[in-house]
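Those sequence lines, one after another, are chains V and R.
Per our numbering, residue 1 is the first one in the first sequence, and the count goes up by one each step.
Per our numbering, residue 1 is the first one in the second sequence, and the count goes up by one each step.
Incorrect hints may appear among the rest.
[Claimed, not checked] Some but not every residue of chain V turned toward chain R, in silico, with C-beta under 7 Å: (1) E14; (2) I21; (3) L23; (4) I27; (5) P120; (6) M266; (7) M271; (8) I317; (9) K320.
Rather than coming from a laboratory, the hints here were simulated on the basis of the structure.
All residues carry an ideal CB built from backbone N, CA and C; glycine is no exception.
The lines below spell out each chain.
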Amino acid sequence: MSLLTVSGSPHVHEKGNVSKIMLFVIIAMLPAFIASAWMFGIGAVKVFAVSIIACILFEWLVQKFLIKGPNTVSDYSAIVTGMLLAFNVPSNLPVWILIIGAFVSIVIGKMSFGGLGKNPFNPALVGRVFMLISFPVPMTSWPKPLESASQLTDVITGPTPLGILKESSNVAEAMSNPAMPDYLQMFWGNMGGSAGEISAIALLAGGLFLLLTRVISWHIPVSFLLGATMFAGALWLADPTIYIDPLFHLIAGGMMLAAFFMATDMVSSPMTPWGMLIFGFMGGVLTIIIRVFGAYPEGASFAILIMNAFVPLLNKIKPKRFGEEVKNG
Amino acid sequence: MLKTFKLGGVHPPENKLSAHKAIEAIEAPEKIFVPLGQNLGAPSVATVKRGDKVKTGQLIAKGEAFISAMIHSPVSGTVDKIDTHIDASGYRRDTIIITREGDEWEEGIDLSADLRKEITLSPQEIVEKVKASGIVGLGGATFPTHVKLMVPDGKKAEYLIINAVECEPYLTADHQLMLEKADEIVVGVQILMKAIGVDKAIIGIENNKPDAIEHMNKSVANFAGITVQALKVMYPQGAEKQLIKACVNREVPSGKLPIEVGCVVQNVGTAFAVYEAVQKNKPLIERVVTVTGKNVSIPSNFMARIGTPVSLLIEKAGGIPEDNGKIINGGPMMGKAINSTDVPVTKGTSGILLMSEKEAKRVREYNCVRCARCTTVCPMGLEPFLLGLAGESLDWEIAEKEQVMDCIECGSCQYTCPSGRPLLDNIRLGKFKVGQIMRSRKN
Ligand code: SF4
Ligand code: SF4
């Protein structure tokens with residue numbers, strides 16, 4: 001008989017692993033990707049391809065030559081970051097800027113901390129915000145959906161719903177702007193915006209998939225949307241001529257993308273139910289604050305990065321221990 | 001309605017390959033190895049010496065400490081020697097080695113199959129009898145049963161809870177015992193109720209054993225106070241605190257015993273052993289052991305004498321499969337991997353599980369990805385990733401602050417972790433170290 005293995009219990013494993021989780025996230029992003037390719041055409045596909053390849057390449061290089069550790073590309077997290085990064089940029093973004101963004105995401109946002117699991121911030125958001133601050137013009141010129149789908153260069157650009165709102169002095173003016181899509185169009189994704197943020201329905205479908213497969217728990221998406229709805233709702237109730245209704249906020253810009261895909265990044269979000277709820281709720285509130293009172297029309301990325309910084313603090317909220325409060329009955 | 005505990009838990013594949021296999025008595029081998037350390041407390045002290053003739057059921061070692069247990073000879077024959085022999089811990093420990101000659105039982109032991117329902121002993125006498133019969137918790141914890149039956153002053157027991165959950169995958173010993181000995185078990189439950197002075201007993205069974213639930217329900221039908229509670233399948237429901245939570249919705253406070261919330265928990269196999277001891281005068285010298293595994297040709301439930309080498313049981317189940325990589329004493333979640341098949345069956349051996357080399361391998365380790373899955377499944381509401389980290393960095397202060405001592409070592413966290421972190425390895429180290437520190441502080 002061969003030698004017996006002796007190791008501590010448990011002797012079985014659920015067989016879930018990081019690659020599997022990442023694969024599920026990739027699958028969940030496919031509906032939004034398809035919506036994006038539909039609306040923005042070949043430009044969107046190009047942005048996705050470049051972003052993913054650049055992320056994989058940077059991760060491989062750093063791991064091989066700087067960290068000198070085992071290959072980590074096989075955990076697919078670089079693909080997820082690449083896709084999320086592409087989701088967060090306009091589909092006509094020049095390729096070289098995107099590559100810089102991928103570099104910042106992977107090398108600075110993730111690998112410099114020690115790789116997957118050690119990064120305090122969502123790497124894709126680090127890359128996105130870097131690009132937004134460094135290249136504000138190309139990062140905020142939005143191709144028009146459908147019309148630009150067939151062009152690779154010289155796309156027709158147009159404003160995003162949130163951009164129109166920011167420029168208008170009151171709600172009535174924004175809504176009468178001919179470039180403003182109606183709610184149904186926005187819900188389906190027929191609006192200007194980043195490559196992956198436009199279709200609320202596609203993102204919801206992906207989010208539902210993540211919830212059903214238990215890749216994410218409900219805490220962050222629900223509290224995020226709740227925070228946004230409640231804060232936007234309070235403003236709206238106070239003065240509906242100046243502040244738009246909360247439904248608009250939910251389907252405009254990157255709200256759905258943020259709630260289901262960006263804020264739920266397991267590495268950079270809190271680890272206990274209450275921590276997650278506060279994180280999500282505050283993220284939603286901050287998003288609306290930045291949208292309404294800030295300099296930028298969209299605030300989800302900043303909101304999540306700010307909340308990422310609070311995670312160590314939020315992790316101090318302990319889960320309820322068994323036997324903590326003696327219940328009899 | 002199906003009940004369960006509410007916090008955490010996992011549902012590993014059940015793999016009850018030996019379910020419904022009738023319990024088969026195995027003839028004891030020529031040589032039998034009876035370790036002196038067979039209970040959770042202090043090892044017993046041998047009362048026989050080399051060359052002594054012993055009969056089956058005769059006392060051969062005494063539990064002298066408060067938490068310790070008597071040991072009886074599982075066979076008749078001659079004491080070969082008292083020497084060290086390997087046991088499930090992987091170490092050589094003091095063991096009484098007996099050469100078997102026939103099977104001659106001690107006087108006064110009732111070996112008939114008749115059901116004896118009448119309970120004549122007083123509570124005090126029952127506790128004495130249980131003690132004299134060497135009964136320990138047969139679920140695997142091996143805590144001396146008589147100690148649990150002595151309700152401390154100032155505390156009152158309200159419920160007796162019978163653990164018939166058998167939540168470990170693969171194991172079927174308790175299940176089969178309920179199918180074959182339901183009436184005896186119910187008498188055992190009544191004896192235990194009388195001993196601790198309660199009028200309510202709950203037998204908790206997971207509903208993946210519908211036939212056992214039905215069977216037990218029939219047997220308890222005529223007894224007021226005993227109920228069978230069907231439970232939703234959820235690991236680790238067989239852990240004392242989780243079972244109490246599931247059955248009566250009470251939470252045993254951190255660091256306290258079940259009696260704090262008026263409960264005494266006993267395993268269903270223990271109830272049967274108590275029946276045999278009290279009604280039949282038969283000490284604990286044999287037990288049901290499941291021998292199982294995906295590549296085992298005849299997964300079985302055996303009635304084996306204590307001291308029977310594991311190798312014999314495996315042989316009876318079809319021998320060691322070719323690509324065998326691991327042998328586990330117990331179930332896959334909490335059992336101990338053994339390094340030799342010379343290890344004998346002890347009072348705590350509920351099963352022998354054989355795993356192929358492939359199954360025996362752990363998954364690849366990655367960084368912790370902070371996914372919080374370990375926290376979600378921990379039935380004690382702990383944060384295993386933190387405890388694991390504390391163990392890795394030898395930070396016992398954090399380990400203690402994060403309540404490492406509350407960990408019941410159920411393994412749910414490590415089972416779930418997608419990064420394959422060796423969480424429980426590090427937590428065990430933490431429990432050991434923090435335990436030492438806490439004890440030294442007391443002195
Ligand atoms: S920390 Fe302990 S009690 Fe919690 S899941 Fe892990 S082994 Fe079980
Ligand atoms: S389950 Fe594993 S990877 Fe997830 S938080 Fe716990 S230790 Fe980290």
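Do the hints match the structure? See the list:
no. : hint : result
1   : E14  : 5 Å, holds
2   : I21  : 6 Å, holds
3   : L23  : 12 Å, violated
4   : I27  : 16 Å, violated
5   : P120 : 10 Å, violated
6   : M266 : 4 Å, holds
7   : M271 : 4 Å, holds
8   : I317 : 11 Å, violated
9   : K320 : 5 Å, holds
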